[in-house]
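Asks: Each residue of the sequence shown is one higher than the last, beginning at 179 in the numbering used here.
Worth flagging that the hints you see were computed from the coordinates, not collected in a lab. You may find that some hints are simply not true.
Unchecked claim - Think about it this way: if two alpha-carbon atoms lie no more than 27 Å apart in a straight line, the pair counts; the simulated BS3-like pairs of lysine-lysine are:
#1 446 with 368
#2 259 with 326
#3 534 with 489
#4 368 with 357
#5 385 with 446
#6 446 with 489
#7 259 with 401
#8 249 with 193
#9 203 with 501
#10 296 with 368
#11 311 with 193
#12 259 with 203
#13 217 with 501
#14 326 with 357
#15 203 with 193
#16 193 with 489
#17 326 with 534
#18 302 with 501
#19 217 with 537
#20 534 with 203
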Amino acid sequence: MFDPVHPCNDGTAPKDIEAIWTDLKSLPAGVSSNTVDLKYAAHRGFWGDNLGAGPVENTDPAIQAALPYTKIIESDVTITKDGVVVVSHDYNLQRLTNYHGPDPDNTFIYDLNYDQIKDLRLRKRNFDVTDFKFIRLEDLIGYMIEHKTVLTIDIKERAQRRNPITGACTAACDVNRAKRDQGWVQIFEKILDAAEAQDAWGYLAIKTPLTINRIKSLLPAEKWPLMGKVLYFPVIQPGASVNAAVEVINDWYNNGPDYLMGFETNFKTSSDPVMHSFSIAGKSYDNILHYVVSRVRLRPGMYPEEPMGPKGIVDRYAQWLFKDMRRDYRGDHIWLMSLPYFPVSILTTDRPDIWKDVKGLYQ
């Protein structure tokens with residue numbers, strides 16, 4: 179179930195941490211298309227409830243507020259100009275902080291040194307300014323160890339900013355796919371270093387858009403033996419073809435089966451290619467979720483993307499956008515629960531309280 183060097187395999191992981199990962203990596207006996215056994219990770223903790231007056235995202239109070247719902251936290255990390263990994267969903271500073279410099283909408287963490295952001299005060303979901311400040315990766319890992327919970331990390335490498343309406347590039351337009359991959363691996367290597375320094379190997383899983391061989395092609399060879407000490411949650415983006423999705427799944431399963439926590443099989447509507455039935459080698463599958471359950475014997479997953487506030491949803495550049503429900507159904511909990519094999523998914527959600535109730539209704 180775990181790689182030979184993973185702490186859950188060699189007995190060095192705390193028993194409660196081993197139990198969390200084992201539960202995530204185990205499907206119910208006799209699992210079928212309508213088996214209900216949802217798991218969910220609290221995205222940035224449990225934050226912004228009480229009409230936005232709740233805890234600030236990615237802070238210790240938000241993490242503690244999530245623990246009654248789940249022992250899995252998911253947080254985004256990005257990197258400053260001088261190489262410090264900080265915990266932030268957004269690249270820019272206008273939504274999250276009290277930054278008052280010129281043009282906050284176009285001032286990005288990756289263009290600033292850590293000393294330029296470390297004293298900024300963070301905002302609640304209702305935009306009230308608090309005394310909380312950005313935490314670093316090592317602070318976040320420390321909270322996991324303190325609270326005996328596990329962490330899935332979503333690496334926010336430098337990427338192009340595109341207008342959500344026109345699609346035109348407006349920032350970081352020099353970043354092509356190769357540069358994005360290099361930026362992702364740069365942060366990933368720093369995560370490995372932090373896990374080593376804090377003896378936190380058993381606590382971490384990494385979301386990744388890359389194949390295992392692509393990671394190894396960019397990671398120094400001396401770091402390869404460390405890769406098996408964390409788990410991975412490979413991400414399939416909405417709109418992927420069935421062949422592309424199957425290729426990602428098979429690449430990871432064939433080259434690192436025990437590295438895996440599951441697969442984030444994202445989709446937006448029932449018309450997404452991966453949500454149609456398909457056949458491979460004479461075997462039929464209801465959708466890509468069924469393929470993950472049957473072929474890999476792990477859980478599928480997704481980010482259901484509930485609204486973040488009265489302005490709708492927000493991307494990594496803090497661009498607000500109302501979701502077009504004709505093209506993206508992910509906020510519809512009832513629809514999601516009707517899909518074959520969805521009810522055994524691992525969800526990354528800003529509303530673990532709602533998903534706990536939904537799970538209870540269907541059980």
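Asks: Where does the structure disagree with the numbered hints, that is, which hint numbers, in rising order?
Replies: 1, 2, 9, 11, 12, 14, 16
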